[in-house]
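There are 2 protein chains.
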Amino acid sequence: MQDKETEISSLGEFGLIDRLTKDVEIKNDSTVKAVGDDAAQLHYGDKEVLVTTDLLLEGIHFDLTYCPLKHLGYKAAVVNFSDIYAMNGRPKQITVSLGISQRFTIEHIEQLYSGIKLACEIYGVDLVGGDTSASVTGLIISITCIGEGEKGKIVYRSGAKDTDLICVSGNLGAAYMGLQLLERERNIANDSKDDEFHPAFEGKEYILERQLKPEARRDIIEELAENGIMPTSMMDISDGLSSELLHISKESNTGCRIYEERIPIDYQTASMAEEFNMNLVTCALNGGEDYELLFTVPLADHEKIELLKDVKMIGRITKPELGCFMITRSGQEMELRAQGWNAFTDK
Amino acid sequence: MQDKETEISSLGEFGLIDRLTKDVEIKNDSTVKAVGDDAAQLHYGDKEVLVTTDLLLEGIHFDLTYCPLKHLGYKAAVVNFSDIYAMNGRPKQITVSLGISQRFTIEHIEQLYSGIKLACEIYGVDLVGGDTSASVTGLIISITCIGEGEKGKIVYRSGAKDTDLICVSGNLGAAYMGLQLLERERNIANDSKDDEFHPAFEGKEYILERQLKPEARRDIIEELAENGIMPTSMMDISDGLSSELLHISKESNTGCRIYEERIPIDYQTASMAEEFNMNLVTCALNGGEDYELLFTVPLADHEKIELLKDVKMIGRITKPELGCFMITRSGQEMELRAQGWNAFTDK
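So the protein lines, in turn, are chains A and B. First residue of the first sequence: 1, per this note's numbering; consecutive thereafter. First residue of the second sequence: 1, per this note's numbering; consecutive thereafter.
Some hints could be false.
Once the Cα atoms are required to be at most 27 Å apart in a straight line, the calculated DSS-like pairs of lysine-lysine come out as [to be verified]:
1) 153(B) / 250(B)
2) 250(B) / 70(B)
3) 33(A) / 151(B)
4) 22(B) / 22(A)
5) 213(A) / 22(B)
6) 22(A) / 70(B)
7) 27(A) / 22(B)
Bear in mind the hints are in silico, worked out from the structure with no lab data behind them. In this text, all values refer to a predicted model and were calculated from it rather than measured experimentally.
With the hints as constraints, model all of the structure from the sequences given.
Dropping the structure here:
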């Protein structure tokens, strides 16, 4: 249609969004923060309103051969809640739009919805609207979540300061290793002529659950508030620790140093990586979909953070000219790169 | 996956939504109105926050062989604004999520975005977020719009009262006839071996624009406010006048009488219907995508409404036991039926 045609994969998702939104100007007083964080921030009355949205496509973001519809619904809702928590907000409402191809029955969609409703129940969120439509191929799920936060307590990606401590909740790489396992067993099942094939999932329940039924870290947000800790920057880890650390460093105009030995990794993740002969730290740095919280706090909060059971300090924020590096166990400096999942090149 | 499998087309879109959302309970004080109107209503501080969402799928809701990407972007945004106006609100922010297949280049997506941005510019709306992803097939557009309204001035579908006047803005059936014309010319082009084929669009610009580049009736909402008219119920006409009148009557627990001779129809719509040998009133009753406003006002506002240039009174609200009928030019009563577009059966 035009002279110049550029493949989208040449820019990647973030490059495309940057290019599309670079000249967007804010016109309304109620718009506090637009494109570029986990959620948009709107100002209505005495509360800050947060809005985030996610589009999940069959064949790109999920595979129904190993993802039960109820789990899929649960996850689709929870990943949006996670974006609201990552702004130090509380999710309150969601809308759900579905595109549904002919191979799905009402019972299928009810299963999907039962997962969405369960997530809403557990996280105290109201389902307030949506849209359903036929689709030509596959299942399409678009969820928008609205949350609220308190004035002056919204946490952005851009607030990290030199000498801040870098903290991460839970452990990393588990969802990615769960995905590897699911894909291996699906391929074996496809190749197998044995109808009685049973996937080898025993003892791997934790990493499977991290992939299929992740949770948003509401508990961490509540613990931080209870302990009087206000993060200087925060985001949720959906594309991998490296990618998110680079986002925070870029938005905050800082550098960072993290320590390989401090990156929290679960035993099942480690044993699975060994079985697959994969580099464990690469999995933890670049494996996506953990939905853990990555945040920074002032150095003075060191002792308060130490009291939190499921939070680890993995490094510190530095001056921007020092770049973004991981110090390996052997003491070498390794530059962090965003090798996170790119929806336009990976398939 | 289950014993009982029911095809979605047996319920239709509204039946499916009813079934999926019937047991949804509201948990948060900030949720005022959930599923079942043009938009959800949330209460944050001194403003009412309205949220609506739409999912548009290539091959179902649009056809890029005759819909330019810029127009598509414009329309995708405007139909969401229309839902906010239909609650007597003002659209303020949108989020845009895209699923993009490999045949689209960055320049294509920029064209789409230029239409979205133009709509935002004209209607004073901020683009505040979104999500882009690869898709397996075709283009997927999910837009969520956030708007605001004043306390006590949000208008629902459910407020119509016996003896209220039924009003409609603009004229009806034009977008539907525009679509018929586009589809006819596309089919001729496909069958034609002549590379120089030029579609016969002369003198049909108005109905084409109504289909390809509809506007939301902000002007009507502003006029109503300026003239001190507060509708008792309102919605926008996206599925056809019949379907929307039945929604208002059902939600308000009323009946209605409209008069065939009063239904506003443009000259181009009429001449196109004649060319296609289609029943003009059927087109006006059941043709979708007009995005005009359908609303009811108390009988006492009769004279105020008469002063509005682009609003017509087409009938009145009755007691529920009197049902929903159109009085034809010959004086016969014809029961209104929702023959609006059903995304699960029409293709």
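Structure-based check of all given hints:
no.	hint	verdict
1	153(B) / 250(B)	21 Å, holds
2	250(B) / 70(B)	37 Å, violated
3	33(A) / 151(B)	24 Å, holds
4	22(B) / 22(A)	42 Å, violated
5	213(A) / 22(B)	25 Å, holds
6	22(A) / 70(B)	18 Å, holds
7	27(A) / 22(B)	38 Å, violated
The structure does not agree with the numbered hints 2, 4 and 7 stated previously, though it agrees with the rest.
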